[in-house]
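Chains C and P, in that order, give the protein sequences.
Be aware that the first sequence starts at 13, since it is given in my numbering, and climbs by one per residue.
Be aware that the second sequence starts at 55, since it is given in my numbering, and climbs by one per residue.
No lab work stands behind these hints, which were simulated from the structure alone.
Don't take each hint at face value.
[What the hints assert, rightly or not] Here are the simulated distance ranges between beta carbons:
(1) C/75 to P/69: 27 to 35 Å
(2) P/64 to C/86: 39 to 47 Å
(3) C/99 to P/105: 34 to 42 Å
Each residue gets a CB set at the ideal place from its N, CA and C atoms; glycine is no exception.
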Amino acid sequence: GAVVSQHPSWVICKSGTSVKIECRSLDFQATTMFWYRQFPKQSLMLMATSNEGSKATYEQGVEKDKFLINHASLTLSTLTVTSAHPEDSSFYICSASHPGQRNQPQHFGDGTRLSIL
Amino acid sequence: QKEVEQDPGPLSVPEGAIVSLNCTYSNSAFQYFMWYRQYSRKGPELLMYTYSSGNKEDGRFTAQVDKSSKYISLFIRDSQPSDSATYLCAMSAGNQFYFGTGTSLTVIP
Numbered sequence: 013g014a015v016v017s018q019h020p021s022w023v024i025c026k027s028g029t030s031v032k033i034e035c036r037s038l039d040f041q042a043t044t045m046f047w048y049r050q051f052p053k054q055s056l057m058l059m060a061t062s063n064e065g066s067k068a069t070y071e072q073g074v075e076k077d078k079f080l081i082n083h084a085s086l087t088l089s090t091l092t093v094t095s096a097h098p099e100d101s102s103f104y105i106c107s108a109s110h111p112g113q114r115n116q117p118q119h120f121g122d123g124t125r126l127s128i129l
Numbered sequence: 055q056k057e058v059e060q061d062p063g064p065l066s067v068p069e070g071a072i073v074s075l076n077c078t079y080s081n082s083a084f085q086y087f088m089w090y091r092q093y094s095r096k097g098p099e100l101l102m103y104t105y106s107s108g109n110k111e112d113g114r115f116t117a118q119v120d121k122s123s124k125y126i127s128l129f130i131r132d133s134q135p136s137d138s139a140t141y142l143c144a145m146s147a148g149n150q151f152y153f154g155t156g157t158s159l160t161v162i163p
């Protein structure tokens, strides 16, 4: 069964709206979660690494104020796309890996398809 | 040079064929290797997870790692239409993960 749950699976909203996406680890406590963006027929692009209890680490070129990440508990990380515009339309995917041991594989959520009109 | 190289395909095979998917990499520090399957509009699903060189088999899937050549493969035996998806290779060193671009596979009934 799924070890990472992501919600919602699909969002359509008007330009200027802020959208929150939730990512939950179901079977384990995840001190670190990852947020990716994926364009059609392209690979995953890491946006940021979400660390429980501290600030997220953003990849170069990703706007911190645009993509707000909160990792307030060991099982939940949220990504808020603030004042979304059509160019933010994309497929957003989160992942988590088991804590403790390094090099554990990442387990992905089912993704959120975001469409901004 | 990219850390991980993967032929995007698309790859089209008849049902029952053996499929070979491959990735090459440049960083000799990679020790853990993964294959993910991604259906359209879904998140990647972990298929295989291997450490260092060698083979690992799980049902119709075999993952192969050749660290001397910096080359990994995923073989799918008796391919089924339900195997039609994009396959992503991934590898890690410490807490850094690197993904291939994915290979699109279609198995034709």
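Going through the hints against the structure:
{"no.": "1", "hint": "C/75 to P/69: 27 to 35 Å", "in the structure": "46 Å, violated"}
{"no.": "2", "hint": "P/64 to C/86: 39 to 47 Å", "in the structure": "40 Å, holds"}
{"no.": "3", "hint": "C/99 to P/105: 34 to 42 Å", "in the structure": "40 Å, holds"}
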